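Novice: The primary structure of each chain is shown beneath.
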Amino acid sequence: MLTLIFLTFVLAFAILLLKDFVQTKFVALISLLPFSIFVYFLIYLTKIKDGVTSLVYTSDWVPSLGISLDFKFDGLSVLFGLLISGIGTLVYLYAISYLRGHPLLHRFLCYLTLFMGAMLGVVTSDNLITLFVFWELTSISSFFLIGFNNEEEESRKSAMWAFSITGFGGFFLLSFAIIVGSITGTYSISELLSQSDLLKESPYYILLISFLFIAAFTKSAQFPFHFWLPGAMKAPTPVSAYLHSATMVKAGVFLIARFTPILGGEVYWNNTLLLVGGATMVFGAFHSVFRKDMKGILAYSTISALGVLMFLLGIGTKTAMYAVAVFIVAHALYKATFFLVTGIVDHALHSRDISTIRGLRHQFPILSIVVMVAALSCAGIPFTFGFIGKELIYETGLLLTNQVYAYVLTGALLFTNVFLTASGFLIGIKPFFGSFDKLKRIYHRPDLYLLVPTIVLSLLTIVFGVFPLFIYNELILSTFSALYGAVVELPLKIWHGINTSLLLSGCSIVLGTVVYVIFSKWNNSLAVMDRFNQLSPKVIISFFVEKFRQFAYRYTFMFHSSYLRSYLAVIIVFFIGLVGYKLFSDVPLRVNTTGLSAFRVYELVVFLIAVIAVIFAINTSSRLSAIAATGVVGYCICLIFVFYGAPDLGMTQFAIDTLTTVLFVLVLFKLPPFLRFSDRKLQIRDAIISISFGTLIAIITLQALVSPADKDISRFYADNAYVLAKGKNVVNVILVDFRGFDTLIETIVLSIAAMGVFSMLKYKDDEELEK
Amino acid sequence: MELLLVFLVGILYSAGIYLILRRSMVKLLLGFMMLGNGANILIFLMGELSKGKAPIIDGEESQFTDVYADPVPQALILTAIVISFGLTAFAIILLKKVHATTGTDDLDSLNVQDLDI
Amino acid sequence: MMKSSRNRKRKLDATILRTATNYLLPLLLMFSLFVLLRGHYLSGGGFVGGLIASIAFVLHSFAYNTKRTLRLFSIPPLMLIPIGLVISFVSSFLPVLLGESFLTGVWFADSVAVIGSVGTALFFDIGVYLVVIGVVLTILFTISETVQ
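Listed in order, the protein sequences are those of chains S, X and Y.
Residues 133 to 903 (the numbering used here) are what the first sequence spells out, left to right.
Residues 43 to 159 (the numbering used here) are what the second sequence spells out, left to right.
Residues 541 to 688 (the numbering used here) are what the third sequence spells out, left to right.
Everything labelled a hint here was simulated from the structure, so no lab data went into it.
Model, not experiment: these values are computed from the prediction.
For every residue, glycine included, the Cβ atom is placed at its ideal position computed from N, Cα and C.
One or more of the hints may lead you astray.
[Stated by the list, open to error] Derived lysine-lysine pairs resembling BS3-like cross-links, with alpha carbons at most 25 Å apart: (1) S:Lys-894 - S:Lys-289; (2) X:Lys-139 - S:Lys-894; (3) Y:Lys-607 - S:Lys-332.
[Claimed, not checked] Partial selection, computed: residues in chain S whose CB lies under 8 Å from chain X: (4) Arg-493; (5) Leu-700; (6) Ser-729; (7) Ala-730; (8) Leu-736; (9) Val-746; (10) Ile-769; (11) Leu-791; (12) Val-794; (13) Phe-796; (14) Ile-823; (15) Gly-826; (16) Leu-837; (17) Pro-840.
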């Protein structure tokens, strides 16, 4: 699997080089890649036939951190793998025709292939960190796909929204992975299965599942993070069909499904999923019928379907898991068809507005049959796969032991299905019936590349609907066992006899038709929704984003005032606060003067001269006197060095002090006296800051002085100066021998300073010469 | 004597900080030099003062026989003094260059806000 | 009247300074060499030696002018920097040729008066000495040239 994903990525970038090739008709060969992956997964399907076994392949990546490239094949990953590669094959074929002649087709195919590789990685990863990496890769590649028409501002904005929302979730996925890793000591998902109790009893359980939920809900566009998905419809239609109905948005569902056997079954887990999934499915379904743009309807009905999946995972019973497995397939089949058909309509009429499009049946007879099948599957008419899914969904609701729960949840499901049915009809029936508007121009007639994928999908819908056992034995059963953690046979039936779920199915179809009729006549329905736009999460989040930007602006303005002294003042005050706090709270202050030597008179005199010079340097209004005073301070220090056994220092300080003063005078003697810039208040403030800083340093020095110091290093140098280095002046021996390397570098630093000065001044001369 | 030097360290640091908080670039530089001097004395103090005994091995001996001043802080300070000369020299020239360009040593004349960029 | 007396005084000052410098320059240079060479045994060394030598030249340039001082050099002081660096570096590398690691001290067997054992450390110090002179003089002379 690693090789496969790796090859996919390599191929993705290789496509970039094949710019001319992708414009030829042989480009259809590229769809062999997803197709061979599809076959590859089919082979695995037979290997995990009984549904219990899962195959794990391991290869190390960062073994020291427990990160490895593990890939696991069980029912769930094979189901998703088949969806990704199968629908992928169709989408590739479709996209080649849809974007034929587009100058950036090679880029598009590159992004699409990258996305496919990343998505396969997500569904097969058996290591949390690897999962996270692929997860982020899907976000990144989908960013490029959504923003593919990057000349349009809307496109770019939508891509940015999708990326920020899913990236935000990705961050939580990483946090989740790290917490799980630190609790259990492993990142391997297979190993986590046996550590389920440890995680559930952990005090961080709530935190864990909240992080996981945020990751899954953002990716799967659950309320209130749903709004990026309708925006993402700016992408070319094949992308919407692929990423935003069949695969990527289901990654969140996949994530929850993957962790259901590990973390699921707890009250918080189930209730959160029920609440969020339920809100999303009702919200999405209700919203979808108000839209007039076909892609808008599909976006909201997809959100609703994802909500249904989350909701079912929240119910968590045996039937629910079956319903999840079936509904994922059923939804992928009919929703992909809808999207692809929408793309064909858009391509043909350059419009997706269902209020104006009518009677396409006369123009595209095959297409109208195909889309009809999808609409029926969506509505749950018998002999389509959607019917089986819908039956199972209702059964899930009805089988709940708690009566109140059963009524409420089934009611919510019924409501959702009514509106989903209606929205399916709005897409699948409304544009195709009635009389065709002769004034409309047909720009493009669909070719085989566009038609075949839709036909294949519809055929599968019917095949699976009529012969469910065809798919049941391998796929659904093994998916179920991966979700539920055990094998329980529950054969899929086309006909259950007349029971409550069938009644509910019928009910939803009838009511759905009623809703459809109402909304197909109501041309102005979108305006109703627009009124609530002010309260939509998108507006609210945008508001916070804007406020945060303003805050950041003000913050920057406050701290980056561009006055050097205010930067310094902030740093110094912070330092005083931090170090002062630590010093007074943690260090026992003691003043022990017993070990200190007394001073003599001449030492006191030197000290006083230094102090007077310092004060004079601060107060004088003449630059020259300030410089001279600083020089005096230097000479006093030089004397102190000489008094206390440091003749080398004394000499050096003397020489340096002289040279610095000379340099200063050379440069500055022409400058006017100091201007009085600061006012009295500022001076007092600065005086307080600086005096407290000085006091702090003095106290630290005093403390350090009375603390016993380790003299090992000094002793080593002193003892070995002559023995090892044949020198008697230890200071010089340290400089040129023991630490010679430091000195070498020091001379290099000095040379750089000299060259800096030289070039700075000479450069100026050249400039002046030019003048 | 240590106490006096501790005071001197405190005073030099205070003066240095006060000067670098001024608007004049010359004062900034002077403050910088004072901070350097203060730091040097601080390091010097850490090596236990010993009166008049340079860390130099006497005549024919090959090891110290008497007390001696700690050589490590001295080596550190020596390096610091020389390096700070390089730095100060460079800064002074920079100051001269700024003065030649702007005609003042007012730091505020160099203002460029991050938000302006 | 006032002006002419001040000028005369300045001239007199210059004369005194120049006469003194003529003697001081060689003396100070010799002293700096002395400080450099004895650095390993008594207080002194490359840094201090270099600084004293630079001060000698600065004094000379004060007494006369920078151009006159520069004439004392057969190469520009800037060139002293690479020369010094090369000497330091070569002396650090010498032990490598003898099979020791970088910067290991290597000495001649016999000691010399004042200097003590002659070894790589001494040459290293000489390199430092030259670099310091080069750096200080480059900085100061470039400035005084541009100031004038």
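Novice: For every hint, state whether the structure bears it out.
Specialist: Tested hints:
1. S:Lys-894 - S:Lys-289: violated, 51 Å
2. X:Lys-139 - S:Lys-894: holds, 11 Å
3. Y:Lys-607 - S:Lys-332: Violated, at about 85 Å.
4. Arg-493: Cβ of S:Arg-493 sits 61 Å from chain X, so the hint is violated.
5. Leu-700: Holds: closest Cβ of chain X sits about 6 Å from S:Leu-700, inside 8 Å.
6. Ser-729: holds, 5 Å
7. Ala-730: Hint on S:Ala-730: holds, closest Cβ of chain X at ~7 Å, below 8 Å.
8. Leu-736: holds, 7 Å
9. Val-746: Result: holds, 5 Å to nearest chain X Cβ.
10. Ile-769: holds, 5 Å
11. Leu-791: holds, 7 Å
12. Val-794: violated, 11 Å
13. Phe-796: The hint holds - S:Phe-796 has a Cβ within 8 Å of chain X, the shortest such distance being about 6 Å.
14. Ile-823: Interface hint status for S:Ile-823: holds (5 Å vs cutoff 8 Å).
15. Gly-826: holds, 3 Å
16. Leu-837: Status holds, d = 6 Å.
17. Pro-840: violated, 10 Å
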